[in-house]
Structures are given as C-alpha cells and as structure tokens.
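Novice: So you can see what is in the structure, the chains are spelled out below.
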Amino acid sequence: MLSIENLHVSVGDKPILKGLNLQINAGEVHAIMGPNGAGKSTLSHVLSGKAGYTVTAGSAIYQGKDLLAMEPEMRAREGVFLAFQYPVEIPGVSNIYLLKAALNAMRKHNDLPEVDAMDFLALVKDKVKLLEMDDKFLYRSVKEGFSGGEKKRNEILQAAILEPSLCILDETDSGLDIDALKVVASGLNSLRDPERAFLMITHYQRLLDYVTPDIVHVLADGQIVKTGGAELALELEAKGYQWLEEQAA
Amino acid sequence: MSASAQEIENLIGQEYKDGFVTELEVDTFPPGLDEEVIAKLSAIKGEPAFMLEYRLKAFRHWQTMPEPNWAQLNIEPIDYQAISYYSAPKKDADKPQSLDEVDPVLLDTYKKLGIPLDEQERLAGVAVDAVFDSVSVATTFKGKLKDAGVIFCPISEALQEYPELVRQYLGTVVPETDNFFAALNAAVFTDGSFVYIPKGVRCPMELSTYFRINAANTGQFERTLIIADADSHVSYLEGCTAPMRDENQLHAAVVELVALDNAEIKYSTVQNWYPGDENGVGGIYNFVTKRAECRGANSKVSWTQVETGSAITWKYPSCVLLGDHSVGEFYSVALTNNYQQADTGTKMIHIGKNTRSTIIAKGISAGRSQNTYRGLVKVAKSAENARNYTQCDSLLVGDKCGAHTFPYVEVKQPSAQVEHEATTSKISEDQLFFCQQRGLSAEDAVSMIVNGFCKTVFKELPMEFAVEAQALLGISLEGSVG
Amino acid sequence: MSAELKTSQYSAAYAGMKENLPGQSLAWLQALRANAAQQFADSGFPSLRDEEWRYTNVAAIEKKLFVPAADRTEVNAEILAEVQAQLLDGVWAIVLVDGHFSTQLSRLEGLPDGVVVVDMAAALEQHSDSLEAYFAQAVSDTENGFVAFNNAWFSDGVFMHVPANQVLAKPVQILHVATQAGFMANTRHIMALESSAQATVVETFVGCHDSYCSASVTEVFVGQNANLTLYKVQMEGEKAYHFGGTYVKQARDSHFQHHNFAFGALLARSDVHTDLEMAAECDLNGLCVGSKRQHIDNHTRINHLQPYASSRELYKNVLDQRARAVFQGRVWVAEQAQKTDSDMHNRNLLLSADAEVDTKPQLEIYADDVKCAHGVTVGQLDEKSIFYLQSRCMDTDSARNMLTFAFANEMVDKVKLKNLHDKVLQQLLLRFPQAGIQQDWL
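Protein chains in written order, with the numbering used here: chain F, 339 to 587; chain P, 405 to 886; chain Z, 10 to 451.
Note that these hints are calculated values from the structure, not bench results.
Check before you lean on any hint, since a few could be wrong.
[What the hints assert, rightly or not] If the Cβ cut is set under 8 Å, some of the chain P residues that face chain F in the computed set are:
(1) 431
(2) 833
(3) 841
(4) 842
(5) 844
None of the values given here were measured: they were computed from a predicted structure.
Glycine residues also receive a C-beta, built at the ideal position from the N, C-alpha and C atoms.
Please build the complete structure, drawing on both the sequences and the hints.
Specialist: Below is the structure:
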C-alpha cells in the first residue's frame, strides 16, 4: 500500500529525515516509536502534505501513485488520514458540518453521490456509539471547548466516518488518561480491517498494550534503526531509547 | 502543499457584479448647493411648507458645522458644491400610477439586480420600494399592506398624504443638528421610505427598500422613517448597489426608527455600494446616521447589517433605550478588501430600567483595507439593572490590512452589568491544512472558516437576505444558518 | 486649539524660576528645557477635546496655580516619621521631599560597583553624558502638556543605571513625600538596565492633607534580556493632584512588570506606555480603589513594534461613593509585528449609585498573524459565588464584602515583595473595614 524509499526531508536547512525506508501492506498495523526529535511528527506531516517541509531525496508511493506530488486534500480523498497530535480548533464550525463536508468531498472524488442529511446523521450516530461519545459533541464547534481526551476521540470518530485506507496516528495516545486511552484503542481496533493499514506514531509503549501492532519500528535520528514484532515495544519500554542509541553507536 | 497567505487572500477577492450603468433620460440639477436649490427641490416634491422650513433650518446649521475628522479614516476632501443634489428618471415628472407605467428600462435594472418588481416575478412575501437615484420608482404590494393598515410608501408621498404623521416623528430621533452628514441630509434628502405600523398590527410581510445610485456626480440622500406603534411588529430590509465609476460618490442617509410600547422593529441591511477598484479608485462614501428610539416599555429594535461595499463606510446604527425593559440588538458583519475603509459599530444608550443590549460585530479585513469597530455602551444613572453584552471579533486575511477595535463603555449605575470581549485572529495555515487533510479544497476551507466566523450574525438575517449575504461573501451557508 | 487657550499662568512664571533648576551648565538640557517650555506655552495642559483626555478635566491645575518648590524643605519630626513609616526594610532608598532629593533621609550605602542610583540634580553633574543619551528618548514633548511641562520644570528625580548582567540584590525604593499646601513637585526619573540586568523598583507617593500637586515623568530603558519590575503605590493625600507618566522602551527579549496601585489623591492620572521589540514581554497590572469624590484615570499604551512580543494587562477598579474611574488601554500592533500575543482586561465594580466608570480598551492591529484579545466587565459580584457563601452560612452583606475584597486582593497578591505586599494589603484593608477579614487570615 505504501512504500517509502530513502526519504530525506529538511526543515529549512536542517535535515530531519535522513534516508527512511518503510513498507506498509494492507491490513498491517505498524508502530513507529522513537525519542523526541527523532523525526516522528515530520514523517506524519510529510506523508499528509503539510507545508514547511522540503523533500530532498527519496519517494513515497501510495497505491501506485506518487504521494508526495499530491495536494493535501487529494491525499485525504485518496484515503490517507492523519489523526493530528494537536487537533486544530475552528471556532464557529460545528463538528458535524465539517464531517459531512469532508465525507461528501471524498464521495464526490470517488464518483459517489453525496449523502443526505438523514443518512449522514444515522451513520454518525452509529459511529458515535462505537466511540462511547456524547451526541452533543457533534454540534459543538470543531474542537472548541473540547477536553484533550475528547479532541483525540473526535479524531478517531472522523477516521471511522471517512474510512481511510491508510490511517496515520500522530501521538494519538499522548495526554490521554487511561480510560480515554481504552476508548480510543477500542475504536481503533474496531477499525482494523484487511483492506486498511495503520501507522501509529507514539512516544509511549502504553497504547500498544491495547492496540497490538504487527510490526514495530524504531526511528532515531531520521532513520529506522530497528524493526521487529510487538515484543520490540516491550523491550524498548524496559531498556529505554538509550539502549538503542548505544547499539547504534 | 497547503495554501499560502497569498492564496488565502486571493480566495477572498471577488469582482463587483452590480457595477453596470442604466442608460435613461434623467432630470438632474446642476451641481451646487444653496437655499435656492433646496427651495427648488422642495417645490418639485410638492412638499408642505413646514418641510421647506425644516430643510432651510438644517442647511443653515450645516453651514456652521465643521466636517468631522475623528474616525479612523483616510479621506479625500469632499467638494459639496461639485455634487448634484437631485437626479430622477424623466418619466417621474408624471408619476407612474401603476407598475405598467414604470419605464421598462428601470424594471430591467432591478431585475438584473435580482429584485423583480413586476407582478409575476415579485419576491413572495416581500414588499419592495425601489429607490433610483433621488426618487422612489415603484412600491410593490401596496394594496395588500393597506388592507392590514400598514403604510409603506416613499417618504415624498407620505409628506403629501400623511403630513401630520411625518411631522410628528421626522427629526425626533436624529435631530437636524445631530451631526454634519445628518444636517446635510435633512437639508437635501430627496426620497426614501416611510413605514407606519398601527397599534397591534403584525406586518403581514417583510418590507424592503432597494437603493440604487445610477447617475454620475450625484449624491444620494435618502431618509427612512419607521414608526411601530404599540404592540406592533415589522421586519424591514434594505439593499444598496451602484455602478462602477472612477469618482467617489457621496451617500449620506438618515434612518430613524421609533418603537412604542411592546413594539418590535427588525432592520436588516445588506450594503453593497460600489467599493472602488482594486487600486482604491472610485467607490461610494457611505456616511449614514441610523438611530432607533425604543420609546415604549418592552419595545425592541434589532439592527442586522452585512457591509461589503463602499470605499468608505462610516455608520453606527444605534439604539436609545428609553422604555423600561426595552431591548437593543446589533449584529454586524463588515468585510473590507483592497483599499476599502470601514469605521462602523453601534451605540447603545441605556436610560430605562432593566434595559438590555447585545452587540455582535464581526470584521473581516483583506487586501490593504482598514476595518474598525467603534462602539459606545452608555448606562445612565436611571438605567437600573441594565445589561449589555458585546463581542467583537476580527479576522485578518493577508498582511497589509488592519483591524481595530475602539469600544467606549460609560457606566453610571452600579447595578448595571456590562461585558465586552474582543478577539483578533487570522485564518491560520494550520486550520487550512487540517481541513485539507480532511479532503476539503483550500477554497472550501476558507469559505467554511469565514462562514463559521460570521454565522452568529447571518442567522439574524431574514432568509431572502441571508442568500444575498451568502452570494456577497462568496461562501456557502449550507449547514450553518439557522 | 491654542487660539482659545489663554497663555498658561505657569508659562508666565517660568522665566522667574528657570535659573534655579538643575543642569544650568548643560547646553543640551537648556535647549531641551527651552523647547519644552515653548511647546507647553503653545499647547497648555490637555483639554477634554483631546481624545486621550476626554473623561478627565485638569482645568483645576491651571486655576489653583501651584507653586513649584524652589528649595529643599527642611526635614522635621513629622516628615521623618512619615518617611520611616513608608520606607521598606532591606531596600536602597532615595527620598524626594516636595520634589527635591533629601540626602539625610535616603539610604544608598552598599550599592554594587558600577550601579548608579543617584538623585537627578547630582546625576546631571556626574553622569551628564550618559543622561544625554537617554533623556527624552522614551517620550517627547508632544506626547501631552504634562510631559512638556515636566521637561521644562523638573527640579530633581532619580537616575538609575544597572550595568550588563548585574542583578540587584535589593529593591530600590523611590519615596515621594509632599509636605506643603499649594506646592508642586516636578520630578524626572531615568532608569536604564543594560543587557541581562535585573532590578526591582518601588515608587511610593505620599503627602499631606492639603491641596498640592505631584507630577512625575519616568523614562525606562530595559536592555536586551533585562528584567525590570516596577511597583507604583500611589497614596497621595485626599486633596492632592497626581500626574505620573511612565514611558518604557523594551529591547529584544526583555521583561517589564508593572504594578500600579492607586489609592489616594483627589484627581490622579497615570500613563504607562511601553514599546516592545522582538520577543519582549510586558505585564501591566493595576488596581484603583476609589471613594468620596476621587477621580482616577489610568491610561496604558502597549506598542508591539516587532514580532513575537507578548503583552498581558489586567486593570481593576473598585469604586464607592461618588468616585469615578477612567481606563483607557490601547494595544497597537505594527505591520511587521507578526506572532504578537496580546491580552488586555479591565474589570470594574461599582459599589454605590453615584460611582461611575468610563472605560475604553482599544486594539489597533496592522499585522495579520496575531492573537489579540481584550475584555471589559462592569458589574456586580458573581451571584453564584454569593449563593455559595450563603450556603456556607454567610449573610449576603458579608458575602458581598468578602467577594469585593477578593476582587481587589487578586491584584495585591501579585506583589512578590513580601514587605511591600503587606503594606499594600494594609492599604486595601483600610478601605475595606467591612470585609471583616483579618490580615493574618490571608
């Protein structure tokens, strides 16, 4: 589904990713762990098309297409979803309106008819139940006045409705208390599907207790320095990132 | 990648769509202003004697007044002797008795503006008074309104048919000495609308006046007077457009509203006078005095305005809350682009007990424009338990524009509660990227953000005008209104 | 404007007293004074027509014709007692009596090498070169009539200079004492902190029960990364006229905290202006507690000149009896000052039917990428809090008193110097005897 080869990315003159390779197939759940400053968020931003990053070498091919050449909204419509680390607030725009606009933009892109308000509401209510969210949540402005946990859950709700092929989670677990974490994890698990891949970027091992990854990568200094199964995460938790850095040295 | 600030700015820019000129024969006074011109104007209108007296008194006072210069405006001096103070389509000389007699060229003009006046295509549920340059050319649904007891006619007609009613109220809310432009208007106003809603009547339809400046080198000075007698209700809409011309044209209107016991007036404006071109050449100077007096207990006046046009806008629709428990509201969206300047806001003067006011002002500045909110909330000593809530938000698009907030709060009553909040922000690149990541185009994202920003005001507009406001801001209102 | 103004009586008297003012041998200062005197002769004191003065009428100054004190006042037991009561422990103190420095009352021993804290008259002799570089750089004659007046008339003041990286171990207190009816004190201060220096200054104003006028202008230069905290505690006598202007220039990364307490005076006007360069921060706090016929006017202006600067402002007014407060806060953001972060609030409580507040918070923004907010409230105490206290057995009056006190005390709690905090709290308690709160509860 996604094939990243020798990806080099800079911010200004400063290289952040320095030859990253990553292969993700449909149905897989990948976790990327790493110390602060390793380039984890840069990876999620580059894949989703945020401005301010320069790709200096390498490629990212998504479903046979050059992902890096596409506008951010085209990537989204093609099924690349980013759950933001710091969800953005848009005062005055209700959550449900944004969701409907996004879903219809995607459906239009796929030559599907737009969903009408009634069908849409039914769909949303279903998904809301799944995430143990409150209905009133839908009518508030996007993220405005949401608690940290609510914002993250809302990101997962959006994923549930847009049904992306590739779901990139940028530190979705950071700042969640254990109850919120469980809700987010069960939402994620319910989204697991043979047609869908996940790229979970996390600083903590805790999320992986609830969403078991197929493959764990360690990102350090702009490169994948180690790849393994779910047990690698436990090893990292026990030994710390320093262990890897020492190994690398 | 995601949109830059420049791209955001381009998304806001729109061409002026109502800038065409209507070719027809007109009677126009030569430029210049003196007592003779005023006398001639009054004579053409066949006004009662008291009006000429009133006009001359205003004119004499106006001559003693200095031009105001305190607003946050950059303005070329206006030569008041270079303006023509009367221009009317020739056929008005023998006034049309029905719409069939109205010059088809005029009907076409209004049709082009989306305001059909002929019987078949009239806006359902809206009575329209169409004012073209200095005169009213047509008023629709007059008969139906008359059945309900509602008077809705050009003010020139009201002066002939209901002189005592006009005399009783004209100039009592905005005296002829009030300010420079109000004095000028009192001296030279040519037409406008007059509305009287009798006791206990709920006006059966929306009333609307559509103002069009067509002639070059003329000023438009209209006068609107609305009286809502006890227990009555009326919703009134006002729209304005003008052709594109390189010279600045002056529009100095006065609007007076009087609400008696338990009466309610809702006054909505969509102002789209020609704003000048992208280099700031031409455009209307829109210097307007609008004021309402809530004279009766429990009366209510609500101003809603969407201001997108004019080179310079200078207006502060105000409420004097005299009656106990009376309510004043002001909802405003002001969009400025290119070199436009808007200095607008409101005054809420609390005098009666338990009076309440709400101010919601949204300013959007783009290009090199300057957008200023200026407002006064005054609580007199008599206004026990007065309440005011004010919210002013500014949205900046591009880095060459300015947004300014100047609220004045004066409180002399300890039981009053006054709250003012203001914020200024920009459409951030983060917000755009977020929307794009959810599959929306940058253009739709900007529409959505602007729309979200304005929606507390749009929802106050009657449906017909909400649609017009939507078209003006070039944004979709779907899902956010109501 | 000047056409309607009679020439100020002060201007007429100037010729007779200017030769007694300090700095006679300095050409630059003489030129500055002459210009300022002319500027004042042209403009006079501000009038109600001036937008910045529309709520404050200062015509009384012209009518009263205060006399600038020409000589030092002799220190008597009464003055000595007042000074001792007002000086804080553990400070370097400089005392100005009726606008003139008192060597006898000041305490300046043990200042670190290189640190200058000296009275202005002496500074004009010892440090004239460095003073010239600062004088009238943070504010000009044209700002308003009081600044022009001060430039021409000032008789003394304080010059403080802290070299780079020097952190002053103790605060500097400037104590103004007014002792004589009909006198006018005109003082001028210059405070300059070089880069990464740090200092705390406390300015205290006290005076007698007669009518007098205290007018001071302070120019402050906070160097790169330097940090200045300035407390102003205005406790003038009940018939006094007080005018104080503080004009600040903040260099890159600098910090300036101002705490402005207005308790005294019949008519008081205070201006605080600051210019922020790159990433500078300012924090302006104010509390005015007014009663009787007091008229207290606070004006602030924050100019964001460069990117990334941030400003915070909170001014509160509590007004009883016939007191009137004016607040005008203006935040101005230059076109290039992107990423400005500004927040300004003004909160007011009116405790009587005759009290009045006029407030005008203003935002003027020419940049686009900014976060600016301001807010004003005028109103009663929170009904929910009153109910909460009632449900905890308090009667309504006690609940109201307690909440009113708490409203004001929030500003006092921002004072970091323990002994100053206690002194200010005392002033507050004096004005809220009904709060029924003992100091040791707090």
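Novice: So, for every hint listed, does it hold in this structure?
Specialist: For each hint, the structure was consulted:
1. 431: violated, 49 Å
2. 833: holds, 6 Å
3. 841: holds, 5 Å
4. 842: holds, 4 Å
5. 844: Given a least distance of 5 Å, the restraint on residue 844(P) holds.
Violation of the numbered hints given earlier is confined to hint 1; every other hint is satisfied by the structure.
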